[in-house]
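**Student:** Next come the chains, spelled out residue by residue.
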Amino acid sequence: MVHGEAWTLKEFFVYPNEYIYWSIQIVMYPFMTGLVAGAFVLSSLYHVFGVKQLKDIARFSLVFSLALLPVAMMPLLLHLQQPQRGINVMMTPHFTSAIAAFGIVFTTYGMIVASEIWFVYRRFIVESVLELRAKDGRSPVESLRLLVYSVISMGAMDISEAALHKDERAVGILAGIGIPVACFLHGYAGFIFGSVKANALWMTPLMPVIFICSAVVSGIALCIATYIVTMEIRKLIFAWRSKNDPDLPSTEELKSAEIHVVTMTAKYLVMFMILAITLEMLDLIFRGYTAVKSWDIVRKVIYEKDFTKIFILQYGLGNVVPFILLLMPRLTIRRALLATLLVLMGVFMMRWNVVIGGQAFSASFAGFMEYKLPLWPDSLETFKEGLMGALTVIVTPFVLFYLVTRILPVFGVKDSH
Amino acid sequence: MMNRREFCKKTMIAVGGLVLPLAAFEVFDPSTLRAEKEGRGKTRWAFLVDTRKCVGCGFCVKACKVENEVPYDANVTRTWVERYVTTTDGKTYIDSPKGGRDGFTTMKIDQNLEGMHEIKAEEISRAFFVPKLCNQCDNPPCVQVCPVGATYQTEDGVVLVDRTWCIGCGYCIMGCPYSVRFFHPVYHVAEKCNFCYHRISKGMKTACVDACPFEARRIGNLKDPDDPVTKIIMTERVNVLKEEFGTKPQVFYLGLSKEVK
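Protein chains in written order, with our numbering: chain B, 37 to 453; chain W, 1136 to 1396.
To be clear, the hints were calculated from the coordinates, so they are not data collected in a lab. This one's a predicted model, so the numbers in the text were calculated from it and none came from an experiment. Every residue gets a Cβ at the ideal spot worked out from N, C-alpha and C, and that includes glycine. Be aware that a few hints might be false.
To be verified - If you want the footprint, here are the derived chain W segments under chain B, 3+ residues with CB under 8 angstroms:
hint: 1; segment: 1221-1235
hint: 2; segment: 1241-1248
hint: 3; segment: 1291-1302
hint: 4; segment: 1337-1347
Said to hold, decoys possible - When the alpha-carbon atoms are kept at most 30 angstroms apart in a straight line, the in silico DSBU-like pairs for lysine-lysine are as follows:
hint: 5; chain 1: W; residue 1: Lys-1243; chain 2: B; residue 2: Lys-329
hint: 6; chain 1: B; residue 1: Lys-336; chain 2: W; residue 2: Lys-1226
hint: 7; chain 1: W; residue 1: Lys-1233; chain 2: W; residue 2: Lys-1393
hint: 8; chain 1: B; residue 1: Lys-291; chain 2: B; residue 2: Lys-303
hint: 9; chain 1: W; residue 1: Lys-1393; chain 2: B; residue 2: Lys-233
hint: 10; chain 1: B; residue 1: Lys-329; chain 2: W; residue 2: Lys-1396
hint: 11; chain 1: B; residue 1: Lys-88; chain 2: B; residue 2: Lys-202
hint: 12; chain 1: W; residue 1: Lys-1226; chain 2: B; residue 2: Lys-329
hint: 13; chain 1: W; residue 1: Lys-1383; chain 2: W; residue 2: Lys-1197
hint: 14; chain 1: W; residue 1: Lys-1243; chain 2: W; residue 2: Lys-1377
hint: 15; chain 1: B; residue 1: Lys-336; chain 2: W; residue 2: Lys-1177
hint: 16; chain 1: W; residue 1: Lys-1144; chain 2: B; residue 2: Lys-233
hint: 17; chain 1: W; residue 1: Lys-1197; chain 2: B; residue 2: Lys-329
hint: 18; chain 1: W; residue 1: Lys-1366; chain 2: W; residue 2: Lys-1383
hint: 19; chain 1: W; residue 1: Lys-1233; chain 2: B; residue 2: Lys-336
hint: 20; chain 1: B; residue 1: Lys-202; chain 2: W; residue 2: Lys-1340
hint: 21; chain 1: W; residue 1: Lys-1243; chain 2: B; residue 2: Lys-233
hint: 22; chain 1: W; residue 1: Lys-1255; chain 2: W; residue 2: Lys-1396
hint: 23; chain 1: B; residue 1: Lys-336; chain 2: W; residue 2: Lys-1396
hint: 24; chain 1: W; residue 1: Lys-1233; chain 2: B; residue 2: Lys-329
hint: 25; chain 1: B; residue 1: Lys-291; chain 2: B; residue 2: Lys-271
hint: 26; chain 1: B; residue 1: Lys-329; chain 2: W; residue 2: Lys-1383
hint: 27; chain 1: B; residue 1: Lys-336; chain 2: W; residue 2: Lys-1377
hint: 28; chain 1: B; residue 1: Lys-341; chain 2: W; residue 2: Lys-1233
Sequences are here, hints too, so could you generate the full structure?
**Tutor:** Right under this line is the structure:
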């Protein structure tokens, strides 16, 4: 079986070698990098621009962006025909290719996120080391924790006022550098598509900008949604514990803090949503108005073949409905959760409509291709480039987030900042 | 004893030095300089397709598959033949079942999911065949987008793929406006027509040129003014496919019609 044949349906005239070569994992790739970039930008709003209301969610989204980072690479490896050679991109980067810069941009960004987290958590790490050291008769788990904290403290044990002040400045600088790098990381994912002159749907200089805006939208939405879920779980735990310990914050206190953070963050979400949708509409109108050679077939894909995916799922349920939900007065937690989940779905559909939609028509402009997502895998290929592969990619960041927060908790920490 | 600050500094320098890819340095190469001064080589391979001579027998596709070890029954091919049928009501129907490998033995047009479309003989206003292959572009987008440099252009203009270095990302497949590239079903790397480079570099013709009974396919050297193919390209009205992409294709067509995609 030829690669792509398992999930491609052809209609009318399609060149013999044409298949949907870029499938679900290439939809996941910009979706996941978008989440990373968006989460980071959200945390930077606090660290760089001093948006105090976002303090609580800032640390949360920073750690989440760390957990998402390795996952941004996963879909690419799952997609490559020769994943063991992926490292070649770092060994012989061919710089006329947009993909060649991936290794460099990605590593730079990873280092920025990791060092920013280190500075944010330095005080916590040092305090944990001191506390655990002072303890007599450590359990094996505590010994392990001491070891981990000692190693990640990297021996920098100074937590004097002056040292903490330096940390704070370092965080500011790193977050400042991080914003353009995060935008570059994702804008460049847009460039990978936007620069393919052979593809009529992809080729537009707006693509990188559209990608950045939707990235920020999805990142913020995911942070809000995850924040709400974690807070709900904490409320349950506190409610159960406070039966024995009346000093803990009450459920009401947590709830008011939660809705405050969510309302504030939702405002930024709406702002970026307006920006993203404006650009997407501009692109669509421009295509229809200029109506170049490819417009005939692109129009058929947009308004006929993919109508439900584009106008119902992406714009309707993914943009209009959450927009109304978020702008209606007296935002509730439940409404915010529903809206953010819809936004996430909308951004996912946008990635789908770009990546799969771009391959929904033949380069001959005389036929169509349809992507049948393999649901149940019957080979390694249909696992990797099917529903199961996509789900693996979706689940991983949450597992990583759980693991990271065992060492670097995101709630109730006195940070250096 | 090295203190921590110094250790960190030195580690950073060492790591920095290690990650600097060697490719970032351009090694001075005397042959490159000579080539730039004297112009590149004495050969520029080009192809000439005379669509008026093609009968759609598919011998070229068969020969290519066998010669280049592209699995015979796999639904991918380095070269293929398209059939165009224009009807009296102005519609155009195109097909290329199995890349035209087995010839066009039925009047019905293969519309894939839409099934076979039957056209009555009296409704046909025009019908012709167009063989397709890699255009060995002078400005190849596939070479531009390869992230690892596994696909490259030789001095005589042919674009090749290094099977040992290709990572299989598919960017070149996406970048080609002519859709001549695909993943090789056995080697799982990018695959394409290379004008039978192993043959032409030894003075032979390509497998498809040798297999064509009607001289619809010819290969020649553009830098040789006495080459019969070059003479035709220079003196007759030839055309290329999808010029608007700026790829500068080097497969020239005689008798190309506006319907051709």
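**Student:** If a hint holds in the structure, say so; if it does not, say that too.
**Tutor:** Status of the hints after comparison with the structure:
1. 1221-1235: Since 7 is at least three, the answer is holds.
2. 1241-1248: holds (count 3)
3. 1291-1302: holds (count 3)
4. 1337-1347: Since three or more residues must qualify, the claim that chain B covers the segment 1337-1347 of chain W is violated, with 0 doing so at under 8 angstroms.
5. W/Lys-1243 to B/Lys-329: Roughly 28 angstroms between the alpha carbons, so the hint for W/Lys-1243 and B/Lys-329 holds.
6. B/Lys-336 to W/Lys-1226: holds, 18 angstroms
7. W/Lys-1233 to W/Lys-1393: Distance ~24 angstroms between W/Lys-1233 and W/Lys-1393 Cα, so the pair holds.
8. B/Lys-291 to B/Lys-303: Holds, because 19 angstroms separates the two Cα atoms, which is no more than 30 angstroms.
9. W/Lys-1393 to B/Lys-233: holds, 21 angstroms
10. B/Lys-329 to W/Lys-1396: Within the cut-off at roughly 12 angstroms; holds.
11. B/Lys-88 to B/Lys-202: Status holds; Cα separation ~19 angstroms.
12. W/Lys-1226 to B/Lys-329: Holds - the C-alpha atoms of B/Lys-329 and W/Lys-1226 are around 17 angstroms apart, at most 30 angstroms.
13. W/Lys-1383 to W/Lys-1197: holds, 28 angstroms
14. W/Lys-1243 to W/Lys-1377: holds, 27 angstroms
15. B/Lys-336 to W/Lys-1177: violated, 48 angstroms
16. W/Lys-1144 to B/Lys-233: Not OK: W/Lys-1144 and B/Lys-233 at ~45 angstroms, beyond 30 angstroms, violated.
17. W/Lys-1197 to B/Lys-329: violated, 34 angstroms
18. W/Lys-1366 to W/Lys-1383: Given pair W/Lys-1366, W/Lys-1383 holds - Cα atoms ~19 angstroms apart, limit 30 angstroms.
19. W/Lys-1233 to B/Lys-336: holds, 27 angstroms
20. B/Lys-202 to W/Lys-1340: violated, 72 angstroms
21. W/Lys-1243 to B/Lys-233: This hinted pair is violated, its Cα atoms lying about 34 angstroms apart.
22. W/Lys-1255 to W/Lys-1396: Measuring from Cα to Cα gives roughly 23 angstroms; hence the hint holds.
23. B/Lys-336 to W/Lys-1396: Satisfied, since the Cα-Cα distance of roughly 18 angstroms is no more than 30 angstroms.
24. W/Lys-1233 to B/Lys-329: holds, 28 angstroms
25. B/Lys-291 to B/Lys-271: With Cα atoms ~8 angstroms apart, B/Lys-291 and B/Lys-271 stay inside 30 angstroms; holds.
26. B/Lys-329 to W/Lys-1383: Measuring from Cα to Cα gives roughly 19 angstroms; hence the hint holds.
27. B/Lys-336 to W/Lys-1377: holds, 21 angstroms
28. B/Lys-341 to W/Lys-1233: Holds, at roughly 26 angstroms.
When held up to the earlier numbered hints, the structure conflicts with 4, 15, 16, 17, 20, 21 and fits the remainder.
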